[in-house]
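> Fit chain to chain and form the complex, with the hints in mind.
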Amino acid sequence: MGRRSVSDIFLPPPRATRPWTIIDFLSADVCVLGQIIALHATNPPPATGGWTTANTGLVVPFVPKEDCTVIKLGWVNGTVASGSSCMAIYDSAFARLVTTGSVAKSGTSAIQWTDTADQALVRDRLYYIGFNHSATTATHCAGVPTMPRGALVMAGCQQQAVGAVALPDPFVPAAISVDRTVQSLYGQVTAGFS
Amino acid sequence: MTYKSLAYNERSARMRLPQNTLIVPGKFGGFGRLSAATAQAGTANQGYYQSFVQPYSTDIISMSVWNQTGTNNADLGLYDATGTLLGSKGSTASVAASLFTFTPSVPIPVQEGVMYFAAFATAGTATILAFSGSAQNNPRMGRAIQASALALPSPATFAAAGTTVFLPIISIVFAN
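Note that the protein sequences, when read in sequence, are chains A and B. All the letters of the first sequence, read from the start, carry residue numbers 8 to 201 under the working numbering. All the letters of the second sequence, read from the start, carry residue numbers 302 to 477 under the working numbering.
No wet-lab data here; the hints were simulated from the structure. Accuracy of the hints is not assured; some may be wrong.
Simulated restraints, written as ranges between beta carbons of each label pair [as the list claims (entries may be wrong)]:
hint: 1; chain 1: B; residue 1: 448; chain 2: A; residue 2: 28; range: 28 to 34 angstroms
hint: 2; chain 1: A; residue 1: 131; chain 2: B; residue 2: 433; range: 32 to 38 angstroms
hint: 3; chain 1: B; residue 1: 392; chain 2: A; residue 2: 197; range: 50 to 56 angstroms
hint: 4; chain 1: A; residue 1: 98; chain 2: B; residue 2: 383; range: 41 to 47 angstroms
hint: 5; chain 1: A; residue 1: 179; chain 2: B; residue 2: 404; range: 23 to 29 angstroms
hint: 6; chain 1: B; residue 1: 458; chain 2: A; residue 2: 116; range: 50 to 56 angstroms
hint: 7; chain 1: B; residue 1: 383; chain 2: A; residue 2: 89; range: 55 to 61 angstroms
Residues from chain A that face chain B, not an exhaustive set, calculated with beta carbons under 7 angstroms [to be verified]:
hint: 8; residue: 38
hint: 9; residue: 43
hint: 10; residue: 47
hint: 11; residue: 155
hint: 12; residue: 157
hint: 13; residue: 161
Idealized CB from N, CA, C, for every residue including glycine.
Pulled out of the complex, with its shape left as it was, chain B reads as follows (with noise of 0.2 angstroms):
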């Protein structure tokens, strides 16, 4: 019997992603093509939720989107898939033409093939770079929405995001 079969199946478990970053919504979800990038300002206050599954076990280093114009207070953040938080920047005022990152002071650990909810909510006047939902595409990309969500609240109360077009670009990076 051999055991090299071993290496082969370790290798294949682990869903490798350039530079330990996933873009959210992303590939990994299985998702086609969306829209047209683009900055675009979400609603006041409001919380907007992205799900994604964690590709492998690691720890979360931190997540990032770009202000292009404008300055407002933002919040960016994780949840599990019941709503309670495992992390959030806190609000803090965003700066424009740069990006607006949330790092964890401890790496926030997630598990492979788990759900979670990458979380951005927004004062509504900063341009976010984002692609553009839609009444058919929110559903299918797990997408939830909350009002009254800035600073990101503890626990979140997810609601359907129906035709919500401001879809914030979150990239997420790994430990490892």
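Next up, chain A with everything else stripped away, as it sits in the complex (with noise of 0.2 angstroms):
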């Protein structure tokens, strides 16, 4: 056995290879909406709700804190799983990355996954998750039922009236301009985000 250095004692041992892992995207940690999810008290994780305006999305800007490979992207359905749901990530630019396409809501009560083509993502780059529904009667397991408009505003989000549940590219931003119910958003990611 050879001489042990000084970072052998002291340095956390190399990250253990894992095969995938979850990201939040509205967590406090990428999500400045986030911050501001995580000291509303009307935030009863899992709580239940409907879109607030059927066929307009919304997306939500979000930093990753590492390099990671989406493989996977996902919802979590309320107590009424029917319609149809998209979710896409965008660029900083709005250009679409990757996207679910239109899936057809199914499973109440139960997080909803749909297999993507792998998209990376850099560290500390801006990028948007968005979501849509077709109809504003199913529900979601929504991290707070209702987020102000101005909070909304405050975290960079962004509105389009699509008329259609599948997520456009590219994504053309209009202000918010009502209080929206926030979806929980979620990824299957690979690459040592942690």
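Right, dumping it as structure tokens:
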């Protein structure tokens, strides 16, 4: 056995290789809106709430803390699973990078994953996570049932009246006009996201 | 001897913020849930001071609050822990349904680990996106108030927030 250096003794061991892990796109670690959500008392996870406006998409800015590759996107359905939803990731210029496309909701109070094309994300770079739903009646596990319009604006969120559920490319951002429900959104990622 | 550890230590030392934006009061001050975020009016001409510990050395390039309804004169600024004014917008009319933003002409340098106070003063008519403070939460959050503080004075005279409810949500954007 060779002589051990100081760094061998005091540094943590190399991070174990993991097949995949999960990023919460609305956590305070990656999302300004998440900083507000973390303080918001009417944030009873898991809550269930309807989508504010049918076929009007919402994008929320986030910044990954590590390089990673997204392999699946998912949301949690509420107590009513009907209609279709769409989830997508956009770059900082609102060009769509990856999308689930329109997906029929299935499974009440269950997480619903969709395989996507692998999409690399670079740490400290700005992206937007987008979500849309075809109706206001189906419910989602909303991290916060309704976020005030001002909080969404302060956090850099944008909306688009898409007219359909599939999130477009590019997303054409418009100012948030009303208080809106915010959907819990997740990604399965590989390559060291912690 | 290897120096690979240096990169690790540099990355660990810097508490990265999404979009270089800190919400005050915030998680990074170690506080839990407060209340629903709602539009509230403050007390006329009162200054509201919220302490925070700067997570890393950088410059402040803007500060904002959300003006939900109504219009009145208001002020946004930054103080050090002794009450010295480091920069402020000056008493300015706000606009309903828009951000009220202070963009200093020269970015304000702030140092890692140092406590500062984000400050907001209002004429009391407009409603601002805010949490609700309480007699128990105010001390642990490091809040202070000051009467007759519009425009924000230099220096500030910090008074105990007591049972003050109005707790404006301030976003602070850093240069990097």
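> Hints first: check each against the structure and report whether it holds.
Hints, verified against the model:
1. At about 51 angstroms, the CB distance of residue 448 (chain B) to residue 28 (chain A) disagrees with the hint of 28 to 34 angstroms.
2. Separation of residue 131 (chain A) from residue 433 (chain B) is about 34 angstroms and conforms to the stated range, judged on CB atoms against 32 to 38 angstroms.
3. With their beta carbons about 53 angstroms apart, residue 392 (chain B) and residue 197 (chain A) fall inside the hinted range of 50 to 56 angstroms.
4. Judged by the Cβ atoms, the range 41 to 47 angstroms given for residue 98 (chain A) and residue 383 (chain B) holds: they are separated by roughly 44 angstroms.
5. About 27 angstroms separates the C-beta atoms of residue 179 (chain A) and residue 404 (chain B), a value consistent with the hinted range of 23 to 29 angstroms.
6. At about 53 angstroms, the CB distance of residue 458 (chain B) to residue 116 (chain A) agrees with the hint of 50 to 56 angstroms.
7. At about 59 angstroms, the CB distance of residue 383 (chain B) to residue 89 (chain A) agrees with the hint of 55 to 61 angstroms.
8. Hint status for residue 38 (chain A): holds, given a least beta-carbon distance of 5 angstroms to chain B, under 7 angstroms.
9. At about 6 angstroms, the closest approach between the beta carbon of residue 43 (chain A) and any beta carbon in chain B falls short of 7 angstroms, and the interface hint on this residue holds.
10. Because the beta carbon of residue 47 (chain A) sits about 5 angstroms from the nearest beta carbon in chain B, less than 7 angstroms, this interface hint is met.
11. Evaluation of the residue 155 (chain A) hint against chain B yields a held restraint, the C-beta minimum of about 5 angstroms falling below 7 angstroms.
12. For residue 157 (chain A), the interface hint holds, the least distance from its beta-carbon to any beta-carbon of chain B being 3 angstroms, beneath 7 angstroms.
13. With its C-beta approaching chain B no nearer than about 5 angstroms, residue 161 (chain A) sits inside the 7 angstroms limit, and its interface hint holds.
Consistency with the previously given hints fails for number 1 only.
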